[in-house]
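K.L.:
Residues per chain are reported as follows:
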Amino acid sequence: MSTALRADPTEPQTKQGPEPAQRRFRLTFPATLMAPGVSLLALLSIIPFITLIVMSFSRVRLLGGLQLDWVGLDNWTRVLQDVDMWVSWWRTAVYLVGTLGLEMVLGVGIALLLHRVVRGRGLMLSLVLLPMFVAPVIVGLLGRYLTDSTFGLYSWALAKLGYEGDILGGSTSAMTAVILMDVWEWTPLIAMITLAGLSGVNPSVLEAASLDGAGYWSTLRHVVFPSITGILLVAFLIRAMDAVRYYDIITVTTNGGPADATKTVPIRLFETAFRFFDFGYAAAIGLMMLVVTIFISKGFVAVLQRKG
Amino acid sequence: MADTETHIRQKRSSQILVWFLIAVAMLWTLVPLAWMLAGSFKSSADVTASDPKFFFDPTMDNYRNLFSGPNDLTPYLWHSLVASTAAAVLSLVLGTLAGYGLSKSTMRRKNDLSFWVISTRMAPIAAVIVPLFLMFRVAGLIDTLPGLVLAYMTFNLPFAIWLMTAFFDDVPPSIEESALVAGCTRWQAFWYVVLPLTKAGLVTTGVLCLVFAWNDYAFATVFAGPSSQTLPIAASQLVTQTGIDWGQLTAIGTIVVLPMVFAGLAVRKWLVTGLTLGAVTGE
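Line order of the protein sequences matches chains A and B. Numbering follows my numbering, with no gaps: position 96 of the first sequence is 96. Numbering follows my numbering, with no gaps: position 119 of the second sequence is 119.
Think of the hints as simulated: they come from the structure by calculation, not from any bench. Incorrect hints may appear among the rest.
[To be verified] Simulated restraints, written as ranges between beta carbons of each label pair:
hint, chain 1, residue 1, chain 2, residue 2, range
1, A, R306, B, P226, 27 to 35 Å
2, B, K269, A, D74, 47 to 55 Å
3, B, F54, A, G65, 52 to 60 Å
4, A, D166, B, K269, 38 to 46 Å
5, A, G65, B, K269, 35 to 43 Å
Glycine included, C-beta positions come from ideal geometry on N, C-alpha and C.
My request is simple: use the sequences and hints to build the entire structure.
P.N.:
See the structure below:
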């Protein structure tokens with residue numbers, strides 16, 4: 001019978017069936033709970049991933065019905081030989097070093113400051129955290145408003161200090177501005193995580209250090225920092241992954257300009273796909289980006305496992 | 001004596017330095033937000049005055065104009081609300097179930113599964129959008145709210161799975177075991193015993209999913225059309241060739257930001273855990 005493999009619906013079901021039969025017909029309890037979420041995630045992640053790989057070996061045509069023509073390694077040889085592309089990687093590196101470096105230094109600094117405040121620390125932390133909740137696109141637009149050369153508050157203040165010029169119009173100043181906008185939004189995250197780490201440092205160790213006559217800086221260097229390196233690393237890796245992920249701020253401020261000065265890899269990918277409709281080439285760029293984030297997430301998971 | 005005196009003086013001057021630096025950090029953090037809020041209440045002449053107006057006659061015109069006239073903001077607000085709430089709720093439900101399963105699972109490839117989940121969450125948006133655009137075109141999901149919800153779930157679902165796993169890992173296994181010994185089924189032990197213990201985790205995960213979806217711009221620029229545009233798109237559409245209505249723009253900005261600030265601060269106690277994906281706990 002064709003129904004031989006299925007449980008007969010007419011058969012009276014015993015509530016607690018014998019173990020072996022259950023194992024043959026049903027998933028384990030954890031697997032049952034995982035099934036819906038993991039299946040949907042597979043649909044939303046593995047299929048796009050395979051599509052991306054196939055696209056990177058194809059020329060994709062959208063007009064008159066979707067069509068993929070196999071072109072072999074064309075897109076890959078192009079992406080590796082494209083000088084503009086390597087310049088974009090370089091700019092991405094500059095952007096990452098700038099944002100991550102400033103955010104780590106300022107975030108740790110703010111955390112150390114707030115850690116010395118006893119009364120009102122909670123309120124102050126809440127205020128410091130506010131930029132984190134602002135949509136990146138609003139951060140970008142607000143940045144444009146503040147740096148506008150005719151009515152921007154920050155341009156006005158800088159003009160008083162002697163700096164004239166269109167901030168988003170010059171290549172160095174535009175890159176600096178988009179970096180600072182990201183720094184404004186995400187330094188609070190580093191500060192918050194670091195403060196959590198600082199609160200976890202054993203106070204009796206600090207007391208012992210101060211009884212030994214250690215000053216603030218040497219306590220910081222020899223006692224505090226060694227005990228929060230793990231947390232700082234987590235903060236750094238989380239930020240690094242997100243810094244590669246998002247490109248909203250650049251899109252709405254300079255969109256890669258002036259003269260490509262802020263054209264980082266995600267901006268170039270987006271324009272390749274949705275302005276030049278060169279989806280195969282965009283897919284190759286996308287896969288290269290994916291490799292970068294997979295390396296960072298490997299690091300993140302490694303840190304977690306060492307901790308756990 | 002003199003020694004303690006210099007010590008006290010040093011301490012006081014370092015305290016002054018601390019407060020000075022905190023004041024600088026606060027100014028850097030809060031001025032843009034205050035300026036946005038102020039701008040939303042300025043008349044169109046004041047908002048782009050070449051000498052910044054610190055004192056001005058407040059007006060509600062910008063907010064009024066947003067909700068009347070040809071560019072009514074209401075549909076955008078509605079799309080934003082529906083898409084982000086649906087994406088958050090669905091991710092939370094599926095993520096909680098899967099997170100519990102993953103936390104309790106003893107399968108061999110568990111680490112690989114976790115790594116797949118986290119790398120999906122961290123995948124660059126630009127790299128996700130390109131294949132998804134092709135898939136959505138074939139499936140007819142472009143410019144639909146379900147399409148937008150699915151797009152948001154590409155990052156919210158793995159986030160919810162991963163974070164809820166971390167919260168469930170923190171529940172001592174003995175609690176669940178004693179429930180099982182007392183005669184609960186595994187589902188009952190999960191639903192009545194373990195789940196109530198992770199309330200903070202559920203709220204945090206839900207709120208953060210909501211914030212991520214609500215604040216999205218990149219996915220909406222590609223997948224949303226006239227019948228599904230969200231608030232961040234409305235904001236960027238005010239930027240036109242002919243000029244920008246900064247009064248309205250700062251008003252939209254305020255509308256986008258305020259609810260998320262309240263939502264985010266409501267879960268501040270667990271934000272560290274949430275935003276480090278469970279890697280760091282507590283304050």
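K.L.:
Under the constraints set out in the numbered hints, which ones does this structure not fulfil?
P.N.:
1 and 5
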